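*Asks:* Residue 339 in our numbering sits at position 327 of the sequence shown, with consecutive numbering throughout.
Check before you lean on any hint, since a few could be wrong.
Using C-beta positions, here's what the derived DEER-type ranges look like [claimed, not checked]: (1) P298 x A397: 28 to 38 Å; (2) E264 x R311: 17 to 27 Å; (3) P303 x R379: 27 to 37 Å; (4) H299 x A383: 34 to 44 Å; (5) A78 x P51: 15 to 25 Å; (6) T113 x P303: 17 to 27 Å; (7) R395 x R75: 40 to 50 Å; (8) D249 x A124: 31 to 41 Å; (9) R320 x P298: 13 to 23 Å; (10) E42 x P112: 26 to 36 Å.
Because the hints were derived from the structure by calculation, they are not lab data.
Here the structure is a predicted model, which means the values were calculated and not measured.
All residues carry an ideal CB built from backbone N, CA and C; glycine is no exception.
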Amino acid sequence: MHQVYLIPGFFGFARLAGVDYFGHVQRALEARFADAGVPVEVVVVPTPPTASIRRRARTLAERIRARHPLALHGADPRRNAIHLVGHSTGGLDARLLTSPTVHLDLGEDDLAWRAHIRTVVALNSPHHGTPLAGFFTTVSGARLLYALSLLTVTTLSLGGPPLTAATGLLATLGGVDDLLGVDVKLLDRASDAMLRVVDVDARDDVRAWLERIRHDQGALLQLTPEAMDLFTAAAEDAPDVRYGCVASASPEPRSGGLLSAMRSPALALMQTIYATIFGITASAHPHYLYPLPEPEDARRLLQRTGLRPDETANDGIVPTQSMLWGELIWAGLADHLDVVGHFRDEVSGSARGRHTDWLTSGSGFRRRDFAELMDALAAFLLRDAPSG
């Protein structure tokens with residue numbers, strides 16, 4: 013029995029307000045393992061949304077240990093393989109956890125299951141940092157982070173922010189300059205309006221999640237390019253683990269805010285936020301540059317995205333060059349949440365199977381692209397699986 017553990021990213025969650033962060037990925041991997049005739053259990057492992065990478069990695073270790081029976085110790089790791097798949101910061105959690113030199117204040121028995129780890133895959137993870145993390149540590153950035161977190165939940169749970177709440181947030185946030193200087197009390201009032209349209213049974217969970225984001229933001233400073241320079245030097249790869257990555261880029265923001273606001277306040281709000289975070293992420297640190305991609309990786313990125321993978325290319329959250337670690341499994345035109353199944357869906361269907369977009373990037377990522385990405389991910393995980 014293979015076990016695949018899915019690790020949410022920064023301000024991520026397992027399930028919140030009826031939203032499954034990894035729901036589409038989980039179903040896709042289960043189907044592909046079944047087609048290959050390989051038994052699998054795909055588990056989403058919640059971690060503290062914005063806590064330090066070390067704290068997140070320790071939580072990850074404890075939760076996997078609780079699910080992994082001691083009876084498997086000494087069993088064939090190839091037939092009882094563990095795969096760690098992390099999105100965004102979740103990929104760094106997995107890297108730190110598998111590092112032979114890591115110290116998590118856990119006993120040997122608590123980490124014995126690591127002998128079964130065969131693969132680590134990072135989906136759009138900031139291996140070399142992101143400028144956006146440094147911005148989020150500022151007063152203006154903290155307000156934007158809070159608004160972005162709330163919009164994530166309401167958009168994914170409702171298929172888009174409701175008109176009245178979106179209008180209120182748009183009036184509060186205004187343009188990009190106003191957004192960065194908005195009064196926190198006004199933002200709280202607009203946030204309350206958004207929360208009122210979330211299912212009443214889920215409001216307390218959403219509020220608690222938002223409070224955790226407000227009060228524990230240990231990962232922010234750790235995700236800057238300066239801090240990730242130290243992380244990379246200290247967190248060495250495990251020798252018996254295959255490391256892979258998914259990397260993407262999304263288009264530069266388009267102008268046209270007035271027309272968007274007239275047509276849809278929600279769309280205008282999301283375009284404003286995307287333009288803001290894309291611009292910040294495109295501002296590379298002058299002294300901590302990202303490593304240049306290998307020639308073959310650079311060729312694939314250019315071919316698949318149509319965008320030159322320089323230091324300004326990004327998915328709205330993470331620079332494209334920063335996403336590269338290990339084997340490049342898949343590359344394409346996609347924003348930060350497209351790659352985990354949250355994209356504009358033109359196919360009607362049940363709520364469970366429907367994809368919902370919230371980062372209005374104009375990437376054009378669709379079901380066929382997601383299926384191709386999942387094919388590549390499953391093939392990487394299954395590469396060394398024994399037959400029969």
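*Asks:* With reference to the structure, classify each hint as holding or not holding.
*Replies:* The hints, checked one at a time:
no.: 1; hint: P298 x A397: 28 to 38 Å; result: 45 Å, violated
no.: 2; hint: E264 x R311: 17 to 27 Å; result: 22 Å, holds
no.: 3; hint: P303 x R379: 27 to 37 Å; result: 33 Å, holds
no.: 4; hint: H299 x A383: 34 to 44 Å; result: 41 Å, holds
no.: 5; hint: A78 x P51: 15 to 25 Å; result: 20 Å, holds
no.: 6; hint: T113 x P303: 17 to 27 Å; result: 21 Å, holds
no.: 7; hint: R395 x R75: 40 to 50 Å; result: 26 Å, violated
no.: 8; hint: D249 x A124: 31 to 41 Å; result: 19 Å, violated
no.: 9; hint: R320 x P298: 13 to 23 Å; result: 20 Å, holds
no.: 10; hint: E42 x P112: 26 to 36 Å; result: 31 Å, holds
Of the numbered hints stated above, those contradicted by the structure are hints 1, 7, 8, listed in ascending order.
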